[in-house]
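Peer 1: Residue strings, one per chain:
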Amino acid sequence: MKVFKVSSVELDAMMQEWSKVHRVYAPVLAKQPATSSDCAPGWRRVDGGSALTLSTGPTPASVKSFFFPQPETLLTYTLENNHPDKGLMREPAKSKKMQVVVGVRPCDARSVLLNNLPYQEDPFFQANRQRTALVGFTCEQTLSTCFCSQMGGSPFGSEGLDLAFSRTQDGFIVEVGTAKGEVLMAGLDLAPAEESEISALASRRSTGGKADATELDTLKGSELGRLYDAPMWKSLGESCINCGACTFICPTCYCFDIQDEVVRGQGRRIRYWDSCMFPLYSLHTSGHNPRGQKVQRTRNRFLHKLKYFPDRFGPFSCVGCGRCVQDCPVNIDIREVMSDLLAVE
Amino acid sequence: MIGGGIAGVQAALDLANSGFLVHLVEGTTSIGGKMSQLDKTFPTNDCSACILSPKLVECGRHFNINLLTLSDLIALEGEPGSFKAVVRQRPRYIDPEKCIACGLCAEKCPKKVSNVFNEGIGERKAAYLSYPQAVPLKYALDPDHCIGINKPGRCGVCAKVCPAGAINFDDTAKEHVLEVGSVVLALGFSPYDPSSLDFTGYGRLPNVVTAMEFERLLSPSGPCMGHMERPSDGREPKRIAWLQCVGSRDINRVGHPYCSSICCMFALKQAVIAKEHAHGEFEPSIFYMDMRTHGKGFENYYNRAKDNGVHFHRARVHSVIPAADPGNLQLRYVDEQGQVNFGEFDMVVLSTGLQVGKQTLAMAEMLGLELDADNFIKTDSFNPVATSRPGIYVCGAASEPKDIPQSVMEASAAAAEAGQIMAPARWSETSKKVYPAEMNIHAQAPRIGVFVCHCGINISSVVDVEAVAAHAKNLDGVVFSQCNLFTCSQDTINQMVSIIKEQGLNRVVVASCSPRTHEPLFQETLRDAGLNKFLFEMANIRDQDSWVHQLEPEKATAKAKDLVAMAVARVRGEGALPYNTVPVTKSALVIGGGVSGMTAALSMAEQNYPVTLIEQSECLGGNGRKVYRNWKGDKFLPFINELTARVTTHPQISVKLNTEISDVTGSVGKFITTFSDGHSFEHGVAVMAVGGQAYQPEGQWQFLHGINPHVQTLLELDQRFIDEDATLGEVKQAVFIHCVGSRIPERPYCSRVCCTHAIDSAVRLKELNPDMDVFMLYRDVRTYGQRERLYQEARAKGILFIRYDLDHLPQVSEKDGQLVIHAHDPIIDANVIIHPDMLVLATAVQPRQQTGVLSKFFKCAVDSQGFLLEAHMKLRPVDFATEGVFLAGLCHYPKPMEEAIAQAKAAAARASIILAYDAVPAESVTAVVTPAKCTGCGLCVAVCAYNAVSLDENGVSTVNTSMCKGCGACVAGCRSDAVTLKNIGNEQIMAAVDAAFM
Amino acid sequence: MTEQSTNWEPKIIAFLCNWCSYAGADLAGVSRFQYPSNIRIVRVPCSGRVSENMIMSALKSGADGILVSGCHPGDCHYISGNYFARRRFALLSNLLDFIGIEPGRVNFSWVSASEGEQFAEVVQSVTEKVKALGPASRLVKKIDALETALQVA
Amino acid sequence: MPTINETVSEEIRAQARKLLEDGTVAAVIGYGSGSLPMTVKPLVVRSPEDCRKLIWNTFCVLNLANYLPATLKSVEPPRGPRDPKPEGPLPKVAICATGCWSRSIVVQIQEHQVARDRVVVLGVGSRGMVSRRKVEALFGGREILAVEEGDHDLIIQGADFSETINRWDVVRDNCQTCTHPDPVLVDVRIGEPVSERKNPNPFIQVDALEQKSGDGRWAWFTEEFATCIRCYACRNACPLCYCPTCFVDDAKPQWVGKSLDAVDTGLFHILRAYHCAGRCTDCGTCETVCPKGINMRMLTKKLNKDVLNLYGIEAGMQPDAPLPLTTYAMDDPQQFMANEPGSGKEGK
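Residue numbers (the working numbering), protein chains in the order written: chain A, 207 to 551; chain B, 2 to 999; chain C, 41 to 193; chain D, 9 to 356.
Mixed in with the good hints, there may be bad ones.
As the list claims (entries may be wrong) - Keeping only pairs whose Cα atoms sit at most 16 Å apart, straight-line, the calculated EDC-like set for lysine to aspartate or glutamate is: (1) Lys416/A with Asp466/A; (2) Lys767/B with Glu725/B; (3) Lys502/B with Glu555/B; (4) Lys99/B with Asp172/B; (5) Lys474/B with Asp546/A; (6) Lys260/D with Asp375/B; (7) Lys171/C with Glu142/C; (8) Lys142/D with Glu216/A; (9) Lys502/B with Glu525/B; (10) Lys733/B with Asp774/B; (11) Lys636/B with Glu725/B; (12) Lys292/A with Glu525/B; (13) Lys313/D with Glu49/C; (14) Lys211/A with Glu400/A; (15) Lys671/B with Asp375/B; (16) Lys556/B with Glu49/C; (17) Lys220/D with Glu142/C; (18) Lys513/A with Asp546/A; (19) Lys359/B with Glu337/B; (20) Lys112/B with Glu59/B; (21) Lys182/C with Asp466/A; (22) Lys433/B with Glu525/B; (23) Lys633/B with Asp375/B; (24) Lys93/D with Asp953/B; (25) Lys93/D with Glu954/B; (26) Lys556/B with Glu467/B.
Hints listed in this document are in silico derivations from the structure and should not be mistaken for laboratory results.
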């Protein structure tokens with residue numbers, strides 16, 4: 207793997223270079239529109255010149271919407287009277303232009319890999335993945351709500367990143383993880399990183415930020431029925447208000463619904479974020495709802511992340527970013543849920 | 002039915018709806034009468050045309066009303082139950098079967114004549130429609146002025162332009178011989194013509210107009226489109242004077258000793274409405290003798306008018322002369338202080354009285370009917386709609402001046418009387434249409450047919466109808482579209498039926514005129530073709546498109562395309578709806594055993610419907626037993642005893658005394674009422690006649706009543722008359738105080754009966770002792786109508802009238818048992834002290850306290866005073882908004898017995914309409930709840946004006962379909978979209994909206 | 041979709057109650073009062089049938105203007121529908137103004153069955169107001185515009 | 009000396025225990041402590057022992073009335089849809105309620121969501137609840153690890169700092185302009201009544217926005233709601249948003265699209281606020297729970313202002329009064345219809 211040394215000034219210059227050929231995005235820290243003119247919510251288009259600022263902990267918005275846009279147009283059509291193509295469904299033309307997302311944290315980078323598991327054969331997700339490069343920054347500092355290590359990640363992890371920047375005394379070292387990373391580095395004249403810096407990073411990785419999901423891994427072996435029937439769900443479900451905040455800010459929640467929207471005779475079929483917290487999510491046409499009660503929906507979300515998903519794909523469907531811990535209106539803390547679940551054993 | 006004014010129309014509808022064939026004979030080209038000329042109606046300021054039109058349309062379309070316009074009854078022979086009537090119908094010269102009311106004939110007609118409908122203000126053509134909402138909506142040629150008729154061959158423009166070929170200059174009169182069981186006269190009145198009253202200046206000064214003329218000036222459909230303009234120069238008047246009693250209460254020059262009863266309110270209303278019409282400052286003034294606002298809601302209206310700046314002058318105007326400023330008028334009058342005053346006005350409105358028309362007199366003579374002293378058709382005190390000839394009834398202003406609600410009540414009462422005679426023949430002469438079985442379209446894909454109408458050239462001269470039809474062809478669900486010259490013509494209608502069948506259409510859109518006039522016709526066509534009539538929509542591309550965008554054909558065409566697309570989108574989502582009915586339990590409950598209750602019970606029983614009459618006390622008769630006689634001198638007791646006997650012995654009436662109501666469930670067709678004795682009774686209709694009660698004087702109105710033995714109320718005095726108390730003749734001096742407890746802030750209404758009652762009692766005292774001094778302390782003497790004669794008699798007998806007002810109440814005290822009354826006489830501006838040996842208080846009439854409880858049982862409303870609130874003050878005076886429940890008598894408002902009897906008969910007539918059917922139709926477009934979406938918040942319950950929505954035991958909203966009127970207030974109010982209106986759901990409406998943008 | 045072209049004509053959705061305002065519109069026709077052709081009338085039973093959702097949805101669909109018209113207070117065919125509606129409309133009207141929807145986009149009036157000329161005047165004035173405001177953009181959903189944004193994101 | 013809220017907490021625990029022990033109620037709705045500084049967990053306590061978990065502090069920002077209908081249902085004996093209603097009175101539930109929450113309960117009673125006789129209101133005067141977002145804003149990006157609450161101060165601690173701030177400065181906007189901090193419906197009084205906060209103008213923020221131009225207000229609206237992620241926390245946390253199917257989930261017609269289209273999002277907020285007209289008690293929960301900190305309260309507050317000005321009604325003050333949109337007056341103001349020819353005749 208190639209590792210280079212980069213100063214802050216050079217980082218700026220790199221971003222400027224990239225923005226000449228690609229669309230480059232950086233996180234926004236302040237309030238920003240969910241759908242601005244050409245950007246995923248919580249991110250902004252940069253063209254260099256503005257220095258990159260990152261806050262401690264995860265970016266305010268996850269990178270999910272670059273891969274799983276809210277919404278994604280699947281088909282378009284017209285219903286205009288007398289139009290020759292009336293009612294004909296067409297796939298919209300989509301941009302194949304590379305987009306570079308700068309400022310990604312290791313937890314979010316991992317989330318893309320996790321979401322890739324169910325979306326392996328989803329052409330829309332794959333197309334978006336194809337054209338998106340993630341430029342990440344490892345975390346020297348974490349928040350009290352961060353728990354990526356517990357979920358099998360690491361604050362210093364580079365998994366899923368095309369380029370991984372880590373701080374050094376006088377700047378960064380950057381690891382080139384993928385072919386897309388190579389493309390981004392092509393033509394840049396950078397010095398290779400020094401061995402000492404590389405080994406310093408390795409030692410940080412093996413000490414403070416070591417991935418350790420061993421404790422939680424016991425859940426994978428435990429019997430579903432017992433977890434499902436655990437009494438903890440009642441009180442949890444009681445306080446949960448079944449909003450979709452956790453699912454929408456979560457980088458690894460990937461559920462969607464599909465609807466047709468028609469305005470002034472122009473129609474589109476969209477796929478948009480859905481949440482298993484909403485009663486409508488599981489409502490059948492018949493009127494029957496298999497998860498008609500709040501407690502059932504709350505339980506589903508956690509068991510999906512911590513049991514159903516790992517049983518099917520291996521890893522947990524949570525990267526420990528802690529966003530839901532911070533933002534849950536009623537302080538449902540997934541870390542507490544996990545320890546309660548472990549206690550069920 | 003002779004006369005097509007509001008009374009005639011009401012009586013015709015009531016009779017036709019209760020199973021009788023009605024020939025409605027109207028002398029002019031259309032029905033509607035005087036009411037159609039009004040702008041607004043008091044006391045609600047309702048638009049007259051708006052509330053009248055639906056009745057006219059219903060009448061015009063009624064399967065069992067044979068509408069004979071331009072017709073006169075010329076002979077009548079036979080007996081009640083089998084008369085032979087000869088009706089002569091004058092030629093219309095325009096074939097109503099062909100006329101499509103496009104108006105081209107009138108537009109092109111070269112002959113201008115004075116507009117009779119607008120009281121001669123402005124012009125119309127010799128080919129004309131008397132007013133836009135006329136029923137039948139068919140033009141006519143005026144034979145007095147039409148050139149083509151009078152000089153054959155000289156004109157004929159209308160025949161050339163008429164796209165329907167409806168003009169027939171050779172039309173001739175026809176005679177119809179009709180077999181009828183009864184005749185009802187609703188001949189109306191004719192306004193007094195003030196031309197001979199030179200002091201008014203009418204006829205000489207253009208800005209002196211009659212009230213009816215002013216009404217047309219105010220009306221948006223009148224000669225100045227609702228912009229108030231004075232005739233002389235078109236300027237908006239800023240100061241208008243109304244002169245009351247022009248042609249009324251005037252023996253001297255007019256020979257009308259009676260009060261016309263309605264003009265005070267008429268003037269008040271005009272003053273208020275004119276103020277609303279006026280831009281900027283406006284000063285209305287009313288010159289009057291007594292303000293007679295004795296009807297329900299009138300006194301409040303009067304008070305509001307005072308508060309809103311209407312000036313009142315108690316004076317008779319001496320003369321109206323031209324003022325210096327051209328067009329302006331100067332009034333000279335003497336005020337109450339005796340001062341001569343001058344006032345300058347921009348306009349003067351003469352509140353002209355009502356009188357019997359010449360045709361009425363001729364008719365009465367032809368029929369051999371007795372007239373009263375004022376030439377009105379004479380009626381009986383205890384049967385106010387019966388004429389002197391059996392089987393012939395009269396209603397409305399032909400028997401005495403009266404307002405619309407009273408006329409409507411009498412119309413229904415006359416219908417009840419006629420219905421009694423003809424009861425054995427019910428449903429024998431009527432016909433009923435039979436429809437083919439309806440196709441079940443459930444789960445069928447929409448197959449919509451679109452019919453686009455040229456309407457002659459009414460639409461096609463502006464809108465490219467072929468392009469519209471072509472556009473329609475491509476719309477989703479449309480499988481057929483075509484243009485028609487006249488979609489409503491009989492041949493097209495027939496063709497439509499076969500197209501629906503051939504093409505297998507399951508929904509239809511007609512793009513033509515207004516659904517308000519033509520939807521029923523096309524819906525009927527769908528039924529004829531075996532389709533449910535609710536699978537239909539109209540696109541209004543004439544009234545709301547070609548007629549209003551005449552200069553923009555392209556835009557009008559684009560709009561028409563949109564309107565058709567919207568109608569198609571709307572109909573696409575519509576389904577078949579049930580023709581809802583509610584089975585009727587053929588029996589009635591009458592609550593209250595007074596004269597009203599007994600009369601209503603008897604009237605229904607005479608029509609062969611079983612009636613249960615409940616009375617809370619131990620005897621029948623109610624308040625009527627407490628009153629000595631009416632103003633005509635007819636004693637009550639003999640009548641009541643006879644009535645009681647007829648009621649108690651009638652085989653169809655079961656009387657339950659000492660009985661009250663403890664619960665009521667159900668709705669029209671089937672109520673189940675539980676009585677205080679625990680029994681319950683099932684009935685289809687109910688009549689509330691729970692009466693009223695006398696106000697017991699208290700506070701400043703007590704006047705030593707209950708303290709000094711010489712102070713009594715009118716009813717207490719009546720008891721002494723009834724008991725023939727000999728000591729009454731010994732009274733030397735008697736004083737009556739009027740308005741005790743009435744027309745005050747706590748009870749802001751006039752009790753209507755007390756002026757007449759008090760004056761009659763005073764007259765009675767004078768009869769007993771002609772030397773007695775009698776003083777009447779009054780506020781306004783409200784001896785309305787022919788009761789005015791009594792007032793004259795009282796004054797002739799020497800009874801003295803002293804006015805008081807609320808600022809100068811009479812003071813009553815006693816000294817050693819002797820009454821002392823201090824009063825202020827405003828005419829001589831001096832205090833008067835009287836030492837009477839009798840004081841009589843004319844106390845207010847109040848609703849009973851139980852009225853409110855009872856009204857809740859039947860989900861009826863009460864007004865702020867606790868009187869029962871009818872469905873509509875003007876046109877539905879005995880109905881409630883809740884169907885199947887009716888009201889009569891004092892519980893509605895204070896009224897004399899003859900009016901209570903008329904109202905009771907009216908209630909019986911209205912109730913009998915329901916009882917005449919095995920099932921009554923209910924609204925098809927009703928609200929329906931999706932229980933899974935309902936939160937049970939109860940908002941729908943609160944906003945429903947018909948009590949049709951309630952929460953069930955699980956707290957979920959449910960709609961009682963038989964009570965729902967389909968207004969959709971609940972739908973719009975519901976946050977969770979749990980309620981929808983069948984076929985007018987959000988889905989259909991928004992589909993139409995979206996279609997406008999496709 | 042070229043809304044700004046010079047011969048732009050607005051589309052105005054009018055929800056009219058069946059008993060008064062729709063009848064008033066008919067009377068305008070019978071009386072041949074001319075008014076601009078931009079209005080698309082939707083007949084509803086009562087102004088009380090018109091909900092905030094319907095009004096907002098019509099805006100969303102692209103109505104450049106909206107008119108809701110019912111019977112004058114006191115004249116409601118259904119006794120009280122327009123009274124309830126008046127409260128709802130008052131609050132909605134103020135709220136829309138509050139969030140910056142141009143006054144004149146959403147209009148309310150009372151027109152009786154006998155006010156044909158008044159109806160024509162109301163349509164005239166509403167159309168003029170809407171024309172002066174230009175094409176509606178606020179709260180108008182645009183599928184095409186969103187499409188572009190999503191394709192690049 | 010214990011702080012006011014410590015005393016209140018103690019009283020809540022004692023009253024809750026008593027009510028549960030003597031069987032008056034089957035459950036008590038209150039708050040338990042949270043896992044992060046400045047957070048609390050809504051808690052339903054069903055046994056006397058669990059009452060020790062109940063707390064009261066200055067971060068109790070969620071309107072507990074939201075939990076009342078479901079909790080009432082949960083204590084009813086279970087029954088199927090066709091089973092008859094159980095005989096006799098149903099178990100009661102106690103709930104801690106401040107002024108605005110108690111007014112929400114009143115609205116729930118007016119709207120038949122809650123039976124008055126099944127609720128025991130533990131009335132607590134609200135001294136104003138602190139906005140976590142305001143506190144965090146004061147400390148920029150520095151993570152707050154602990155907060156200690158005094159009666160008038162908050163001590164904020166991070167990894168490398170400890171600062172004392174004035175409590176009132178970080179109290180939520182709605183609390184600062186509250187006119188009814190004391191409960192209007194009380195069965196058991198907890199703590200001392202709170203003196204009415206004398207606000208010169210409870211609608212100060214609305215007034216300020218009204219001062220802006222139409223374009224300015226539109227700019228505010230589009231910016232404010234642009235960050236919405238359509239998570240519906242505002243709706244779900246609201247005690248008055250209890251529709252089983254919200255209008256956003258209607259498909260025929262689809263009033264509001266469901267993705268992040270700015271128009272759809274805007275319409276959702278306008279209509280949701282409108283649906284709260286005459287019902288909202290300005291508890292501020294919607295704004296508080298929003299993960300994006302959107303001030304949707306501005307819309308409901310505007311409606312509150314209009315309802316008060318036009319109809320003289322404040323939501324949730326009288327259980328037996330009609331709601332403003334379920335009643336009317338003949339002479340209701342209709343200035344909004346003014347300037348239309350043919351209208352305003354009856355207008356004042």
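Peer 1: None of the hints should be skipped; say for each whether it holds.
Peer 2: Hints, verified against the model:
1. Lys416/A with Asp466/A: 46 Å, violated
2. Lys767/B with Glu725/B: Cα-Cα ~14 Å, so holds.
3. Lys502/B with Glu555/B: 34 Å, violated
4. Lys99/B with Asp172/B: Roughly 14 Å between the alpha carbons, so the hint for Lys99/B and Asp172/B holds.
5. Lys474/B with Asp546/A: This hinted pair is violated, its Cα atoms lying about 66 Å apart.
6. Lys260/D with Asp375/B: Violated, because 67 Å separates the two Cα atoms, which is more than 16 Å.
7. Lys171/C with Glu142/C: 12 Å, holds
8. Lys142/D with Glu216/A: Violated, because 37 Å separates the two Cα atoms, which is more than 16 Å.
9. Lys502/B with Glu525/B: 15 Å, holds
10. Lys733/B with Asp774/B: Cα-Cα ~6 Å, so holds.
11. Lys636/B with Glu725/B: 13 Å, holds
12. Lys292/A with Glu525/B: 35 Å, violated
13. Lys313/D with Glu49/C: Roughly 37 Å between the alpha carbons, so the hint for Lys313/D and Glu49/C is violated.
14. Lys211/A with Glu400/A: Holds, at roughly 8 Å.
15. Lys671/B with Asp375/B: It is violated: about 47 Å lies between the C-alpha atoms, which goes past 16 Å.
16. Lys556/B with Glu49/C: Between Lys556/B and Glu49/C the Cα gap is close to 10 Å, so the pair holds against 16 Å.
17. Lys220/D with Glu142/C: 13 Å, holds
18. Lys513/A with Asp546/A: OK: Lys513/A and Asp546/A at ~14 Å, within 16 Å.
19. Lys359/B with Glu337/B: 38 Å, violated
20. Lys112/B with Glu59/B: It is violated: about 33 Å lies between the C-alpha atoms, which goes past 16 Å.
21. Lys182/C with Asp466/A: Holds: Lys182/C and Asp466/A sit about 14 Å apart, inside 16 Å.
22. Lys433/B with Glu525/B: 13 Å, holds
23. Lys633/B with Asp375/B: OK: Lys633/B and Asp375/B at ~14 Å, within 16 Å.
24. Lys93/D with Asp953/B: Since the Cα atoms of Lys93/D and Asp953/B sit roughly 12 Å apart, the hinted pair holds (cutoff 16 Å).
25. Lys93/D with Glu954/B: OK: Lys93/D and Glu954/B at ~9 Å, within 16 Å.
26. Lys556/B with Glu467/B: Between Lys556/B and Glu467/B the Cα gap is close to 15 Å, so the pair holds against 16 Å.
Checked against the numbered hints given earlier, this structure breaks hints 1, 3, 5, 6, 8, 12, 13, 15, 19 and 20; the rest are met.
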